[in-house]
Amino acid sequence: MTTHTDEHYYVPHGSHWPVVGSVGLLFLMVGISSWLNGADAAFYVFLLGLAIMVFMITGWFAEVIGESQRGLYNEQVDKSFRQGMFWFIFSEVMFFAAFFGALFYARNMSIPWLGGESNNFFTNLLLWEGFESTWPTNGPGNIGGEYQVMPPIGLPLINTALLLTSSVTVTIAHHALIADKRAQLKIFLASTFILGFIFVGLQAYEYIHAYQDLNLKLTSGIYGSTFFMLTGFHGMHVTIGAIMLMTIFFRVMKGHFTPEKHFAFEAVAWYWHFVDVVWIGLYVFVYWL
Amino acid sequence: MATAAADITDHHDDHGPAKGIGRWLFSTNHKDIGTMYLLFSLVMFFVGGAMAMVIRSELAVPGLQFVDPGFFNSMTTMHALIMVFGAVMPAFVGLANWMIPLMIGAPDMALPRMNNWSFWILPVAFGILLSTLFMPGGAPASGWTMYPPLVLQTGDAFPFLIFSVHLMGISSIMGSINVIVTIINMRAPDMSLLKMPIFVWTWLITAYLLIAVMPVLAGAVTMLLTDQFFGTSFFLAAGGGDPVMFQHIFWFFGHPEVYIMILPAFGVVSEIIPTFSRKKLFGHDSMVYAASSIAFLSFIVWAHHMFTVGMPLTGQLFFMFATMLIAVPTGVKVFNWVATMWRGSMTFETPMLFALAFVFLFTIGGFSGLMLAIQPADVQYHDTYFVVAHFHYVLVPGSIFALMAGAYYWLPKWTGYYYNETLGKLHFWMSTIFVNVTFFPMHFLGLAGMPRRIPDYSTQFADFNFIASIGAMGFGLSQLIFLLVLLTAKKGAKADDRVWEGAHGLEWTVPSPAPWHTFTTPPKNRIAEESF
Numbered sequence: 001m002t003t004h005t006d007e008h009y010y011v012p013h014g015s016h017w018p019v020v021g022s023v024g025l026l027f028l029m030v031g032i033s034s035w036l037n038g039a040d041a042a043f044y045v046f047l048l049g050l051a052i053m054v055f056m057i058t059g060w061f062a063e064v065i066g067e068s069q070r071g072l073y074n075e076q077v078d079k080s081f082r083q084g085m086f087w088f089i090f091s092e093v094m095f096f097a098a099f100f101g102a103l104f105y106a107r108n109m110s111i112p113w114l115g116g117e118s119n120n121f122f123t124n125l126l127l128w129e130g131f132e133s134t135w136p137t138n139g140p141g142n143i144g145g146e147y148q149v150m151p152p153i154g155l156p157l158i159n160t161a162l163l164l165t166s167s168v169t170v171t172i173a174h175h176a177l178i179a180d181k182r183a184q185l186k187i188f189l190a191s192t193f194i195l196g197f198i199f200v201g202l203q204a205y206e207y208i209h210a211y212q213d214l215n216l217k218l219t220s221g222i223y224g225s226t227f228f229m230l231t232g233f234h235g236m237h238v239t240i241g242a243i244m245l246m247t248i249f250f251r252v253m254k255g256h257f258t259p260e261k262h263f264a265f266e267a268v269a270w271y272w273h274f275v276d277v278v279w280i281g282l283y284v285f286v287y288w289l
Numbered sequence: 001m002a003t004a005a006a007d008i009t010d011h012h013d014d015h016g017p018a019k020g021i022g023r024w025l026f027s028t029n030h031k032d033i034g035t036m037y038l039l040f041s042l043v044m045f046f047v048g049g050a051m052a053m054v055i056r057s058e059l060a061v062p063g064l065q066f067v068d069p070g071f072f073n074s075m076t077t078m079h080a081l082i083m084v085f086g087a088v089m090p091a092f093v094g095l096a097n098w099m100i101p102l103m104i105g106a107p108d109m110a111l112p113r114m115n116n117w118s119f120w121i122l123p124v125a126f127g128i129l130l131s132t133l134f135m136p137g138g139a140p141a142s143g144w145t146m147y148p149p150l151v152l153q154t155g156d157a158f159p160f161l162i163f164s165v166h167l168m169g170i171s172s173i174m175g176s177i178n179v180i181v182t183i184i185n186m187r188a189p190d191m192s193l194l195k196m197p198i199f200v201w202t203w204l205i206t207a208y209l210l211i212a213v214m215p216v217l218a219g220a221v222t223m224l225l226t227d228q229f230f231g232t233s234f235f236l237a238a239g240g241g242d243p244v245m246f247q248h249i250f251w252f253f254g255h256p257e258v259y260i261m262i263l264p265a266f267g268v269v270s271e272i273i274p275t276f277s278r279k280k281l282f283g284h285d286s287m288v289y290a291a292s293s294i295a296f297l298s299f300i301v302w303a304h305h306m307f308t309v310g311m312p313l314t315g316q317l318f319f320m321f322a323t324m325l326i327a328v329p330t331g332v333k334v335f336n337w338v339a340t341m342w343r344g345s346m347t348f349e350t351p352m353l354f355a356l357a358f359v360f361l362f363t364i365g366g367f368s369g370l371m372l373a374i375q376p377a378d379v380q381y382h383d384t385y386f387v388v389a390h391f392h393y394v395l396v397p398g399s400i401f402a403l404m405a406g407a408y409y410w411l412p413k414w415t416g417y418y419y420n421e422t423l424g425k426l427h428f429w430m431s432t433i434f435v436n437v438t439f440f441p442m443h444f445l446g447l448a449g450m451p452r453r454i455p456d457y458s459t460q461f462a463d464f465n466f467i468a469s470i471g472a473m474g475f476g477l478s479q480l481i482f483l484l485v486l487l488t489a490k491k492g493a494k495a496d497d498r499v500w501e502g503a504h505g506l507e508w509t510v511p512s513p514a515p516w517h518t519f520t521t522p523p524k525n526r527i528a529e530e531s532f
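Order-wise, the sequence lines are chains A and B.
Mapping the first sequence onto my numbering, position 194 (from 1) lands on 194, and the numbers just tick up by one.
Mapping the second sequence onto my numbering, position 321 (from 1) lands on 321, and the numbers just tick up by one.
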């Protein structure tokens, strides 16, 4: 299991980063809450919190990367990181599950019921007479006004192709890393995060198009809510994933990672595949069906 | 940030704790972090308890006497949030931090820095939550379930409520990842999964539940936030959404959550009963399978919390029968505890007394749960004091008693001294008597139709309410005895390593108090001799 030279599991002694993170979260949460309550100046508190969080994340990861480079981590520590990353991604999956759940519930339950299905004849008659169950919809109250639906072909299809390609390139980069072909690794890793950023850019363009030309907004009833919340959280995760890939890229440029030991690379690759899979779910259930 | 070459050598754990406040703020030691979790939860227990005293004072006699109805509702809401997320859950995480590495022979938790962060998020989360008491519009008053549209009427406290729930979730998820990774990756080489102590097993399952459902709660409260501030229609029927949808998402989190609060309690009791019966735990493996079944079932029973909300008949039938199924694995557990005691050489020290009371009183809560599971009957019980009696029976003489049992059981291992047994027994008897005086009459109130979450009631309910209030004051005061036990914890005789005559397990092979670092190299071939 462990070799003689590193039979000790590395236990760091004392770290100030967690407390810095807690202070950052305090400013972040108090700032945004007060801002939502109408205190405009609180936005700066939020930004301060954000800055502290960025400082904390950079510092914490720098410390871990330093320890890793100095060879303090044995195989067992490596395994802990792997399992930790796996369960973190699982928690992310469950977060998206809540929003997919909302989408399915609205489509299969609440909207048909508002339209009088099941035993809801009187719901329909007394509350929303004349409302017919359809999807997409902004509800019987026509919340947000008339809008057009985002078609599945066009931009979303291009975005699907981009993300799927980026999943292939990151795999090629991984194989290059294992085969110790550093030049190939750099090219394919760079193309992965560039594809990721292009995806985010196109997604932003799509949002502008939706708001300006289709009158499709976050406020466009349940369709707008689920559309923007699902694609929005996904886009946020793509952005985070692309930043992670970029960090890994800079580490590769500095000569980090060996064909045997490259947990951070794999963790980021897992994360990237995860955002890819979520996108496929989005493309099928939000754009297409 | 350490860069010096000298740093490379000091990962050999040959150092003691840091001096001053830094020891606690920057801690990466599972024992210190465990202690912080336990003390934090104790503080929250008294804060939440004080709120319960406000509730019971107001309800002692009919009419309004001390607080206005809005503040009363804030009290019920905050009492629940603080007790669930601030007292019970962190207390079990504290026990997990302290005991799991000792029980499985690990040097520490797998991810020590993250362990520190999971703890230090909690004071921030509860600082924010408690600060809402002083905000315009008052603290959240919609009940801890935060149902829309009612919760959307919260004043300035609303976004603070949402974000403090987010923080509690982040803390729980990180803590749970740590527990799972520690258990899977850090066990002594000869400890196979089915040789793990039951406490470790129940925590493994609990941590899995937490990672699966805390993000769902985060999603639910995020939807509340965007509905309130950004114009989404998740819970707005006019936009095609549905307020009932929130209840489905919330209870998809909420039902596993109640098992998150009871499974580690099962684990603690399963450690204590064999020790004081001087017998091996009856049916160790069936305990594991039962706990796993309960965890699985917890994902498919959520709508029994919403039987009266309007649901297709098939849904009502499914959730009713699935709920009743839970009685089977729970029955296995209760049977095994009783069978462990059967013909055992029993003694009744404080931990055992609490564990015994747990088995008996938790089962009462389980039975009232079965009554509530029957959909046609639940239409009558729903939102009455019968429900309040039910969940307080499983949470107070359930989770809290198991926590007390665990605290007394392991206290000598933590401090190195025996606590005052007389005070412990006094604490037990006072708690047990008053907990029943408080909550048993609530069954009758509920069956007679007294609704929950109201500050005033019809005079026909006066007698039982008065009795319950006396019980609550008694129970509250009894907990001060526990404080006294803790303050005098180091005044007793020195504890030996084994502490209890019948105790078995790796944690009893290390000195009392457990040194700051234990098992820096994994113990070898000690598992077999530590089983009976």
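Check the hints yourself; a few may be wrong.
Unchecked claim - SDA-like cross-link-like pairs, simulated, lysine to any residue; straight-line CA separation at most 25 angstroms:
hint : chain 1 : residue 1 : chain 2 : residue 2
1    : A       : 79        : B       : 195
2    : B       : 524       : A       : 72
3    : A       : 261       : B       : 517
4    : B       : 195       : A       : 83
5    : B       : 19        : A       : 64
6    : B       : 19        : A       : 67
7    : A       : 79        : B       : 193
8    : B       : 19        : A       : 74
9    : A       : 79        : B       : 190
10   : A       : 79        : B       : 107
11   : B       : 524       : A       : 76
12   : A       : 79        : B       : 194
13   : B       : 19        : A       : 20
14   : B       : 524       : A       : 64
15   : B       : 19        : A       : 83
16   : B       : 19        : A       : 60
17   : A       : 79        : B       : 19
18   : B       : 19        : A       : 23
19   : B       : 195       : A       : 23
20   : B       : 195       : A       : 84
21   : B       : 19        : A       : 13
22   : B       : 19        : A       : 19
23   : B       : 524       : A       : 74
24   : A       : 79        : B       : 348
25   : B       : 524       : A       : 23
26   : A       : 261       : B       : 194
27   : A       : 79        : B       : 185
28   : A       : 254       : B       : 453
29   : A       : 261       : B       : 524
30   : B       : 19        : A       : 16
31   : A       : 79        : B       : 28
32   : A       : 79        : B       : 524
33   : B       : 524       : A       : 75
34   : B       : 195       : A       : 76
In short, the hints are calculated from the structure, not lab data.
Source: prediction; values computed, not measured.
We went through each hint and held it up to the structure:
1. A:79 with B:195: holds (21 angstroms)
2. B:524 with A:72: holds (23 angstroms)
3. A:261 with B:517: Answer violated: residue 261 (chain A) to residue 517 (chain B) is near 29 angstroms, above 25 angstroms.
4. B:195 with A:83: With Cα atoms ~21 angstroms apart, residue 195 (chain B) and residue 83 (chain A) stay inside 25 angstroms; holds.
5. B:19 with A:64: holds (24 angstroms)
6. B:19 with A:67: holds (24 angstroms)
7. A:79 with B:193: This hinted pair holds, its Cα atoms lying about 17 angstroms apart.
8. B:19 with A:74: violated (29 angstroms)
9. A:79 with B:190: It holds: about 18 angstroms lies between the C-alpha atoms, which stays within 25 angstroms.
10. A:79 with B:107: Judged against 25 angstroms, a Cα distance of about 15 angstroms means the pair holds.
11. B:524 with A:76: Cα-Cα ~17 angstroms, so holds.
12. A:79 with B:194: Cα-Cα ~21 angstroms, so holds.
13. B:19 with A:20: OK: residue 19 (chain B) and residue 20 (chain A) at ~19 angstroms, within 25 angstroms.
14. B:524 with A:64: violated (30 angstroms)
15. B:19 with A:83: violated (33 angstroms)
16. B:19 with A:60: It holds: about 22 angstroms lies between the C-alpha atoms, which stays within 25 angstroms.
17. A:79 with B:19: violated (32 angstroms)
18. B:19 with A:23: Cα-Cα ~22 angstroms, so holds.
19. B:195 with A:23: Cα-Cα ~41 angstroms, so violated.
20. B:195 with A:84: holds (23 angstroms)
21. B:19 with A:13: holds (13 angstroms)
22. B:19 with A:19: holds (17 angstroms)
23. B:524 with A:74: holds (19 angstroms)
24. A:79 with B:348: violated (43 angstroms)
25. B:524 with A:23: violated (42 angstroms)
26. A:261 with B:194: With a Cα-Cα distance of about 31 angstroms, the restraint between residue 261 (chain A) and residue 194 (chain B) is violated, given a limit of 25 angstroms.
27. A:79 with B:185: holds (7 angstroms)
28. A:254 with B:453: At roughly 62 angstroms apart (the allowed maximum being 25 angstroms), residue 453 (chain B) and residue 254 (chain A) break the hint.
29. A:261 with B:524: Not satisfied, since the Cα-Cα distance of roughly 28 angstroms exceeds 25 angstroms.
30. B:19 with A:16: holds (14 angstroms)
31. A:79 with B:28: holds (19 angstroms)
32. A:79 with B:524: holds (21 angstroms)
33. B:524 with A:75: The hint holds at about 19 angstroms.
34. B:195 with A:76: holds (21 angstroms)
When the structure is compared with the earlier hints, violations turn up for hints 3, 8, 14, 15, 17, 19, 24, 25, 26, 28 and 29 and for no others.
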